[in-house]
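Below, each chain spelled out in residue letters.
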Amino acid sequence: MSRTIPDFPAPRLHLAARIAAAVFGGYVFAWGVIAAGASLMFAAGMGFHDAEFLASLLGVLVFVAVFLWAFAARRLWVVWTVLAGGGALLAALGSFVQSLLV
Amino acid sequence: MMQSFRQAMAWLHTWFGLVLGFVLMAAFFFGALSVFDREIDRWAIPSTRFDPQPMPSYEKILRPAFERMQPLPATVDAMRPRVNGPMPERFDTVVSWSAYTTHRDPVLQLFAGYEVPNAKDPEEAIWAEATIDPRDGTPLPNDRLKVGSGFFYPMHYGLTLDWKNLGIWIVGFSALMMLVALVTGVVMHRRIFREFFTFRPGKGGLRSVLDLHNLTGVVALPFHFFFAFTGLLIFAATYYFPLGHTQLHDLHDLHAEVEARQTGLPHQRAGIPAGLANVDAMVAEAQRRWRANDKAGDVGFLVLQHVGDANGYVSVYRAGTDRIALVGDGIHFKASTGRLIREDPAPTATGRVAEFLTGLHLQHFRHWLLRGMYVLGGLLGAACIATGFLFFVEKRKRQHARQGQQGARVVDALAVTTVTGMVLAALGILVANRLLPEDLPARGDWERYAFWGTWLLALLHAAWRSAPVARGLANPAWREQCVAIAVLAPLAAVLNWITTGDHLLRTFGQGYWPVAGVDLALLVSGAVAALSARALKRRALAGPVASIAGAETGHA
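Protein chains in written order, with our numbering: chain P, 1 to 102; chain A, 1 to 556.
Same shape as in the complex, but just chain P (with noise of 0.2 Å):
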């Protein structure tokens, strides 16, 4: 274990950016993984509520993953790349199923 605590040895706006996708990117990402697992559990058959909590369930696990991801990762535009890029089309999955149901 090294002596001192690590100082955040990038520039203020890296740093900046990087809370910023681990936060707003976690969350749409999350938010997408919740939109596609519901949609597709209720698809295949599972109460609204049910999948709605399962996907949750694992929103909230995959948040936490991506978060840590967001700050172990080398390079920050991929970390923004899937969380964002990811997280929207999850989330249009999820729209995307729905349509075909309703």
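Since the hints were derived computationally from the structure, they do not count as laboratory data. There may be inaccurate statements among the hints.
[What the hints assert, rightly or not] Covered stretches of chain P, as calculated for chain A (at least 3 residues, CB under 8 Å):
| id | region |
| --- | --- |
| 1 | 26 to 34 |
| 2 | 38 to 49 |
| 3 | 52 to 59 |
| 4 | 62 to 69 |
| 5 | 88 to 101 |
Each residue gets a CB set at the ideal place from its N, CA and C atoms; glycine is no exception.
Following the hints, put chain A in place on chain P, whose structure we already have.
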């Protein structure tokens, strides 16, 4: 970015833990108090100090009470912007009347929802609440603050910051960061199993603070993880990820329609007026059916849906006293005839998981030992966060003193405010609760002011006394606020005796645990604070030498 994965995790743990630790302290401390929220309510509202009551008769007690209810003027005003045109004088179209009770409630909470003509969202109802004495139906004044369930409990999950649910979002984000801090904390400590058994109180300030931080974190790790996680899940679908009201609204409506068809429980009013059969007979029939299935039969939740309409139905749910689910085994009757519509089937596997996770967090079941363990777990969480603050300060204060920086001083003053100051604020509201005149208008508001005022004073005091930290010494506010707790806590118990006559010998003798327990907890807190004050004084006299010895120890 960081030199290593472990350093990145350490950075996250330190800085997010520091900033949101202040919120988490409140969530853990007031969560621990909320475990006994109803007992604190009894202490704070002496007129409700009687035994828990079963769900009373609808025909004799509940119906007149429901019929008296109307939304408060403040609620009507708050609804106004979400309505096209003027608000009506009275709300007569009842969406639902309901009553909820547990094995710990002497008083009964009633809820009434009404349709709002011309509401922008036609699904939105306006709500009224009432509290009655279930023995005779006497309405209890609703402006008496239920300090436990009406103040400490909302503090626990939303800091009582109601504007745009801001507090709920702050606490939710902090809960997420609690999960992050637990994972990063484990990553930082490769030798976590060994540290579990490590506590070196004699090794000097820094080392023993860190040991205590690890010990309280690891020993209750499953508890901390479970409560932060399930806390998020309880609110996820309503607040944090409300997909059912937003993106997946259509899917939710589709489900509601299908469900209404399958269950025969109408989602909407028919628009045809209809009478109401004898509800007590329906409750008796529900209890008979539970008994036939070998289930104990206290009613926990009684709901009348679409009151006065041909689509109206009555749902009777069994209290969760003997199991983890809040309520369940619902049996539904047609309101106009009393005919059985449906008996809820056993919950699905997912439903059981949801009941288990949320029920274990909210714990409305009867298990006093586990209830006590919850308090212990909550306090361990608070101790874990508090020692985290102390470690942060102890590690930096001499370096900051050399460099003339104020960081450690500020964090230390805030730590005093969130540790001893928060206890003082809780005592402040209890003392005010016993001192304010019984018939003071808006008494509950004054009690809240006492809470926030005490906390503000604690902050000012901690800041005012913080100068020694900038020289690498301890803040005397720690000791002084411990002394204040040692005075205020027994004072609250004595005030309870003077104003109600219920001293400990009497409540013990009668076995009236709600009030005896709160008084006893007050005395124990006072004693612990007195011992802490004495230990801090001894350390202050011994000088800062002891803690410097530990300053060499490193920690990622």
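Q: Establish whether the coverage given for the region 88 to 101 of chain P by chain A is satisfied; the threshold is a Cβ-Cβ distance below 8 Å, and no fewer than three residues must meet it.
A: holds (count 5)
Q: Report holds or violated for chain A covering the region 26 to 34 of chain P, Cβ cut-off 8 Å, minimum 3 residues.
A: holds (count 3)
Q. Taking a Cβ-to-Cβ distance below 8 Å as contact, does the region 62 to 69 of chain P have at least three residues touching chain A?
A. holds (count 4)
**Q.** Within 8 Å of chain A's CB atoms, at least three CB atoms from the region 52 to 59 of chain P: coverage verdict
**A.** With 6 residues in contact (Cβ-Cβ under 8 Å with chain A), the coverage given for the region 52 to 59 of chain P holds.
(Q) Three residues or more, CB to CB closer than 8 Å: is that satisfied between the region 38 to 49 of chain P and chain A? (A) holds (count 7)
Consistency note: the structure conflicts with none of the earlier hints.
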